[in-house]
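The chain contents come next:
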Amino acid sequence: MIPVCALADIRPGEAVRVDGDPPISVFNVDGELYAIDDTCTHQDASLADGWLEGCLIECPLHASCFDLRTGQPTGPPAKVPVRTHEVVVQDGHVYVLAVAVPVTT
Amino acid sequence: MTVSLPPSLLATLPGRFYTDPSIFAVEQERVFESMWFAVARSSDLATPGRFETADVGRESVLIVRGRDGRLRAFLNVCRHRGAKLCVEPAGETKRQLQCPYHAWTYGLDGKLVAAPNLTKMPDIDRVEYGLIPVHLREWLGYAWVCLAGDPPSFEDTVVGAARARLGDAEMINHWEVDTLDVGRRIVYDVKANWKLIIENFMECYHCATIHPELTEVLPEFADGYAAQYYVGHGAAFAEEAQGFTVDGSEGFDRIGGVGEEQDRKYYAITVNPQVFINLVPDHVIFHRMFPRSADRTVVVCDWLYTKEVVAGGKDVSRSVELFHRVNRQDFDACERCQPAMSSRAYAKGGVLVPSEHHIAAFHDWLTAKLA
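Line by line, the protein sequences give chains A and B.
The working numbering puts the first sequence at residues 1 to 105.
The working numbering puts the second sequence at residues 1001 to 1371.
Don't read these hints as lab results, they were simulated from the structure.
Please read these numbers as outputs of a predicted model, since none were measured by experiment.
Using N, Cα and C, we set each Cβ at its ideal position, and we do this for glycine too.
Hints are supplied without guarantee of correctness; some may be wrong.
Said to hold, decoys possible - Per label pair, the in silico range of CB-to-CB distance: (1) R1126/B x R83/A: 23 to 29 Å; (2) E53/A x T1367/B: 53 to 59 Å; (3) A1025/B x E53/A: 46 to 52 Å; (4) P77/A x R1126/B: 49 to 55 Å.
Produce the entire structure from the sequences given, and follow the hints as far as they go.
If you want it as structure tokens, here you go:
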């Protein structure tokens, strides 16, 4: 499990980014937590710096939106989904169960 | 160089002050980039994300209302490779300002929000590499910016100009100018140096000749003494004039704070270097000058009325028409002078008659700035 932060440190409508390989961000949508890969699949930008509306996160660079529940982009320019990860809250702390990065050859 | 003049006359500036691009460049730097400059009507930027751009001196300035409701001004230049950030004169952005070149993206507070590969460059401070802020103050419902690092006192140089003319710092508040709405805006592209326009606005020696409608409403203007010649003097309306309108017909109710003593009077203020304000009981006429070159000045004139007048759809055309005619008459006169500024006949300048002698104070002020 990757430790993220204290539960109180992710306020509704905001995100916390965990630097790693790849970086992951956890979003708070009205108390519900979602974790996805932080980097937009179109160009290297942090989705945690984007704009959260409901369960959609809009990339700050070229406005592609990703559904936090599925990782699917809703429209161009991004075409490839971001990975989603399971979020665990234990004793007031937030953790992410990161999906293994697929091996690329 | 001393020119001996009869006591009735004072010298104007020499002709080259109105034509020489190198003098205009110094004015841009020492005057327009150093002093407070009225750029935008705050109500035109009413909601978060609304922005305007304006040239102030040699710089393009971006004025935008933030998500916190505050107006801010920035140099309109991307910090990355210098592309002009916003090219439109006005518009609305949903939540950020993005450079169209490499997509460096700034919040409405100027902070760098995102850029391609930014997370790989954690040493880039997002405030340090945010948009460069410009000082901004709001007064009379306008956003005034100052490009100087250390701006002159707003109270002394802007509010002070109204105090010096009206004789009282409080008096202008009677017109509640920040609460008024724009009933009409006309933009004039004047082919004349900005100083010709200021000088024209300051004197009324020309009034009886070129302003028949104005002198009809303000008979004392025919004597050639402008309201600006005096301190605290309001020019009285003609007895037969019911209002400050092109045909002397009735205007609207007095603006809330305007009292009996200011009723049926006209006051005029110049706020150096680029604002003229006219106050009459039922409206305010607010001119902003945007000097473009030594021989071209854009003048934006707002006619401001109470919300009842504007929202109520009342007919403002007769009061607009009066000063619109005055503006056209004045700007035609300025455009007639401009080509002659480079004539041999005007190399040493012209002269000011006694009713224009107060213009010499403007020339002294300017030459001190340029020295």
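Hint by hint, here is what the structure shows:
A hinted range of 23 to 29 Å for the beta carbons of R1126/B and R83/A is consistent with their spacing of about 27 Å. Under the hint 53 to 59 Å, the C-beta atoms of E53/A and T1367/B, about 58 Å apart, fit the expected range. Checked against the hint of 46 to 52 Å, the C-beta distance between A1025/B and E53/A comes to roughly 48 Å, which is consistent with it. With their beta carbons about 24 Å apart, P77/A and R1126/B fall outside the hinted range of 49 to 55 Å.
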